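Colleague: Chain residues, written in single-letter form:
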Amino acid sequence: MVVVSGSSLSPTAAPGSGETVWARLKRSKRVRLLRAPTLVVVSLIIFFGSWQILSYYLLNPYLIPPPSRVFATAIPMIRSGEFFRDIGISLLRVLIGFSLGSLAAIVVGVIMGRIRLINELLDPIIEVLRYLSPTAMIPIAVIWFGIGEQSKYFLIFWGTFFFVLINTVAGVIRTPVARQRAAQCLGANQLEIFLIVIIPSAIPYIITGMRVAMASSFMSIIPAEMLAAQSGLGHLLQVSGMLAQTDRIFVALAAISLLGFATDRLFRWLVHRTLNRYMAFVSVS
Amino acid sequence: MLTVERISKVFGEAESGYSALKDISLGIRDGEFLCLLGPSGCGKTTLLNIMAGFDAATFGRAALHGRTISAPNRERMMFFQDAGSALFPWQTVEQNVRCGLKLQKVRGSEQDRRVDYYLGMVGLAQHRDKYPSQLSGGMRQRLQIARALAVEPQILLMDEPFAALDALTRRKMHAFLLDIWQRTKKTVVFVTHDISESILMADRIAVMTSGPNARIQDIIEVDLARPRDPAIPMFGELYGRVEALLDQETALMSQEA
Chain A
0 MVVVSGSSLS PTAAPGSGET VWARLKRSKR VRLLRAPTLV VVSLIIFFGS
50 WQILSYYLLN PYLIPPPSRV FATAIPMIRS GEFFRDIGIS LLRVLIGFSL
100 GSLAAIVVGV IMGRIRLINE LLDPIIEVLR YLSPTAMIPI AVIWFGIGEQ
150 SKYFLIFWGT FFFVLINTVA GVIRTPVARQ RAAQCLGANQ LEIFLIVIIP
200 SAIPYIITGM RVAMASSFMS IIPAEMLAAQ SGLGHLLQVS GMLAQTDRIF
250 VALAAISLLG FATDRLFRWL VHRTLNRYMA FVSVS
Chain B
0 MLTVERISKV FGEAESGYSA LKDISLGIRD GEFLCLLGPS GCGKTTLLNI
50 MAGFDAATFG RAALHGRTIS APNRERMMFF QDAGSALFPW QTVEQNVRCG
100 LKLQKVRGSE QDRRVDYYLG MVGLAQHRDK YPSQLSGGMR QRLQIARALA
150 VEPQILLMDE PFAALDALTR RKMHAFLLDI WQRTKKTVVF VTHDISESIL
200 MADRIAVMTS GPNARIQDII EVDLARPRDP AIPMFGELYG RVEALLDQET
250 ALMSQEA
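Each protein sequence line maps, in turn, to chains A and B.
For the record, in the first sequence the residue sitting at position 139 is 138 according to numbering that gives the first Met the number 0, with numbers rising by one throughout.
For the record, in the second sequence the residue sitting at position 44 is 43 according to numbering that gives the first Met the number 0, with numbers rising by one throughout.
The set of hints was computed from the structure by calculation and includes no laboratory data.
The structure presented is a predicted model; accordingly, all values stated were derived computationally and were not measured.
Even glycine gets a Cβ: it sits at the ideal position worked out from N, Cα and C.
Treat the hints with care, as some may be off.
Keeping only pairs whose Cα atoms sit at most 35 Å apart, straight-line, the calculated DSBU-like set for lysine-lysine is [to be verified]: (1) K184/B - K129/B; (2) K184/B - K28/A; (3) K25/A - K184/B.
Label pairs and their calculated CB-CB ranges [said to hold, decoys possible]: (4) R129/A - S15/B: 35 to 45 Å; (5) L33/A - Q133/B: 40 to 50 Å; (6) Q181/B - L190/A: 35 to 45 Å; (7) L194/A - G107/B: 15 to 25 Å; (8) Q103/B - I139/A: 53 to 63 Å.
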């Protein structure tokens, strides 16, 4: 055992403690801070490394193109601008449908949550309609809106709406009675209770609903673009599939994964920056 | 003087519904500390809700200084057992206290004065920028108390406020509440099912039967000097008296069954 002087970044072993270099290293602050990012990097290296080796040497590199080839295929697509154009179009369709769907769902959800009669009237229909996935709605959406942008907005709107609606209603209804009554005692009228107690209490539920709806939207846009579009990542996927260009297929798949991931992270960051204090769930003391 | 005048409460239809309270009458003196003691489910909370104005009595009425209570008002502040539900978790300690003052349209400088004063009284002044999720259970109850006291009510209606706290914290809260009560001279109506707690705190204990058709069995005067010591013989005697009342009622009920 070697005794070396150090700081909290590289701590010293207490003399005679029998602590090994390894254990001392695990204690150090630098190691603790770097642990998670390092593991992420290691995980990615293992993943891409295995993929490269398997495709190149063991499996059919046509069926599963190695990452090196996928990357090489992507470069000219990026250079020509088609890659970012497809990403941009898919993203735009999702964002517009998602924003409109969320907005409508929040408005309707809040009303349903507050006015019992409206809830009782609308709930049966919603309970049934919610099982119609955006994919199921593609044929009718094309007939109603054609294969232009509007049909995509509608499909994403449809998928987002039901999900955020259900979460919004739950959030409004779950506002603790104690909180509403406390506000009443403090002097709030019905409108004030609605604005300063019910809406803030529902925000965590609404945001959670929105986050999942967004992930679902990225999944919904793909079949829509495969069947009824002339641009976007789904379209790219479909054309590459028809031409059996597996490397381009993989480029599209990678783009979809990264896009969904990045948007989710961005959404969470935005929520953290603006609405963080609403996201606390405080229940039994 | 807060009066409960022949209150009965039936949930549901008049004939077939659940009769929670039957013909309850009670007079609560200004500045008094009164406990409503009874087993769980006996309607203590229902009675408290009627006094607060959240619920209406089916027969009879509750009145404050002769005026019928029909709606919640800052004169009668309700406390809830689950402080986490009652507080506003998206607001800081200070904002929670200030909220009631804003709703009451209290002037800015007076708001500041009261916020400082009551936060100081409950000992949360140095935590004013924290959020309820960062406070312990006892601290959250203290915050609820500060928020309620800030609008300067006449009456505090407390529904088993310390039941969810651990025993050690609860002891501190007892001393704390008694101190606040003696300083602010409010009327306190305190619901509990803990006999010791009621003898420790109350001037009078209204012992209730269990539901349905709950009524007040007896009102026991607690004539012990404060601060009260659970070790003295008189405390044990009172405990025995209250316990006997409750047991008597349980025996009667099992006879009827």
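Colleague: Does K129/B lie within 35 Å of K184/B when you go C-alpha to C-alpha?
Modeller: 29 Å, holds
Colleague: Taking the Cβ atom of L194/A and the Cβ atom of G107/B, is their distance within the range 15 to 25 Å?
Modeller: 21 Å, holds
Colleague: Is the gap between the beta carbons of L33/A and Q133/B within 40 to 50 Å?
Modeller: Since the Cβ atoms of L33/A and Q133/B sit about 28 Å apart, the hinted range of 40 to 50 Å is violated.
Colleague: If you check the beta carbons of Q181/B and L190/A, does the distance land in 35 to 45 Å?
Modeller: Once the Cβ atoms are compared, 38 Å apart, the range 35 to 45 Å for L190/A and Q181/B holds.
Colleague: The hint says 35 to 45 Å between R129/A and S15/B; measuring C-beta to C-beta, is that right?
Modeller: 38 Å, holds
Colleague: Against the 35 Å threshold, does the CA-CA distance of K184/B and K28/A hold or violate the hint?
Modeller: 54 Å, violated
Colleague: Given the hinted pair K25/A and K184/B, is their alpha-carbon gap at most 35 Å?
Modeller: It is violated: about 58 Å lies between the C-alpha atoms, which goes past 35 Å.
Colleague: Given a hint of 53 to 63 Å, does the C-beta separation of Q103/B and I139/A actually sit inside it?
Modeller: Holds - the Cβ-Cβ distance for Q103/B and I139/A, about 55 Å, lies within 53 to 63 Å.
The structure shown violates the earlier hints numbered 2, 3, 5.
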